[in-house]
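Given these sequences and hints, build the entire structure.
Every position in the sequence shown, counted from 1, becomes a number in our numbering once 50 is added.
Hints should not be assumed to be uniformly reliable.
[Unchecked claim] Under the rule of at most 25 angstroms between Cα atoms (straight-line distance), these lysine to any residue pairs were calculated in the SDA-like manner:
no., residue 1, residue 2
1, Lys81, Val95
2, Lys108, Thr63
3, Lys503, Gln472
4, Lys255, Glu388
5, Lys54, Lys81
6, Lys81, Leu60
7, Lys401, Phe445
8, Lys342, Asn508
9, Lys255, Arg326
10, Lys342, Arg478
11, Lys255, Gln244
12, Lys300, Ile110
13, Lys254, Arg480
14, Lys342, Lys255
15, Lys497, Arg326
16, Lys300, Ser135
17, Lys465, Arg299
18, Lys300, Met330
19, Lys342, Lys503
20, Lys497, Val473
21, Lys300, Val384
22, Lys503, Asn346
23, Lys465, Gly441
24, Lys411, Arg299
25, Lys108, Pro62
26, Lys421, Ala129
[As the list claims (entries may be wrong)] For each label pair, taking beta carbons as the anchor points, the in silico distance ranges come out as:
no., residue 1, residue 2, range
27, Lys81, Gly492, 57 to 65 angstroms
28, Val99, Asn132, 54 to 62 angstroms
29, Val469, His371, 39 to 47 angstroms
30, Asn112, Pro62, 22 to 30 angstroms
Simulated from the structure, these hints should not be mistaken for lab results.
None of the values given here were measured: they were computed from a predicted structure.
Virtual Cβ for every residue (Gly too), placed ideally from N, Cα, C.
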Amino acid sequence: MATKVVMEALSPTMEEGRLVKWLKNEGDPIKSGDVLAEVETDKAVMELVARGDGILKKRIANEGDASPVGTLLAVIAGADENIDSIVAGAAPAAKPAEAAAPAAPAAPAATPADPSQSQGDASAPAQEKAAAVAAPPATRPAAAPQPPLPPARSGGFGAVASTPAAPSDGRRPRSSPLARRMASERGVELAEVQGSGPGGRIIKKDVESAAAAGPSRAGGAAGKAPKVAEPRFITREGDYQDIPLTQIRKTIARRLAESIGPVPTFYLTAEWDAERASEMRAQLKELGDDYKISFNDILIKAVANALSDHPEVNAWWMGDHVRHFNRVHVAMAVAIPEGLITPVIFDADRKSIGQISAEAKQLAGLARARKLTPEQYTGSTFSVSNLGMFGIEHFTAIINPPEAGILAIGGVEPKAVVVDGQVVVRQRMRVTMSCDHRVIDGASGAKFLLAVKRYFENPLLLVI
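Written out as structure tokens, the structure is:
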């Protein structure tokens, strides 16, 4: 019996994957568990394995293609088994955008007056759809007159494409209950969103895409950002290069849009003394590379201990309740060429600085090689982001929902400060905590920062 090879959800947050490389060719014998391909998820490059035995009869997706979860990528079957019906069934789902693309400008005039006709058209053969698109205007169903589209808004060097018109029949757009609730919370007009669900129904991901696009969102295919008109002065080839978005960059864009708008954030900034932490690092370094640690390792341990002392900060915002965690899992931001990823050090409060240092190095190496597993970058209860190694003195970081806070760490620098009435030069460091005000109040955030400061400025407390 034939086995369908589909784009699997290889991570908890994955909605789409890009096929990086086929590792099996058509005609190769396949056993269940064999690695068929490498797939780029929203966090890492992972292996797609076979779920059945047979011959790789047909590869449908090409290397470099991005496909939503559940899309048919290939078929495994017996040597003499006919898979024509399976492959044919995949064609309408794989090419709807291409079939409709030539007629995009005339789409409003071709919209049926009865929404039920759209549902029927969704199940029609691809040939009938193509014929409908190519049919002359006289043969198409009559539609209510469309109001003129608003002019494109110009800004800077280019113009943003205008948004699509609302449904001409005056009915409310078809949408799921979750999509309606999300649209209400995020200020998204459903009339301006084009649905990607059955029969054009608006679903969760359509609202997320529209919210990420902002006020200038356009009603194109779900998940695509509004197109911006090319600057007029660019007329020669070679003046620029378009870089396709990686899956991780798409996820970063979506997640940041979910955070900076809906999350009511406030910031707490402090400057700490790093003299004792610097001395401890220097003394450990003299013992050899096996004992070498970073300021980041010390801070992760200090943050973990403080989170254990202040569980109200070690929490998630869950919409209708706040979840306080009894275990402390600290995520650390790691820069990679494709963007940013946050591997997690689990139970960091129960580990020594040496254990944290070794684990942080290992996770950072896996992150840069895109070899992290979902279990290694999900489940954090608080995050730490350090740009001190890049010479950054101070910055603010964006919260990673549903977490309630993130600590941004600047560089350690010698500064003139007053100690016991005398001006002396000491190592200093600035930090800023971003807080979700729905979970953390100003006083509770300040108390937590004081606890982190106490541990960091007295690092011997972290080793006893």
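Looking back at the hints listed earlier, which ones does the structure fail to meet? Numbers 2, 7, 9, 13, 14, 16, 17, 18, 20, 25, 26 and 28 - these are the hints that the structure violates, sorted from lowest upward.
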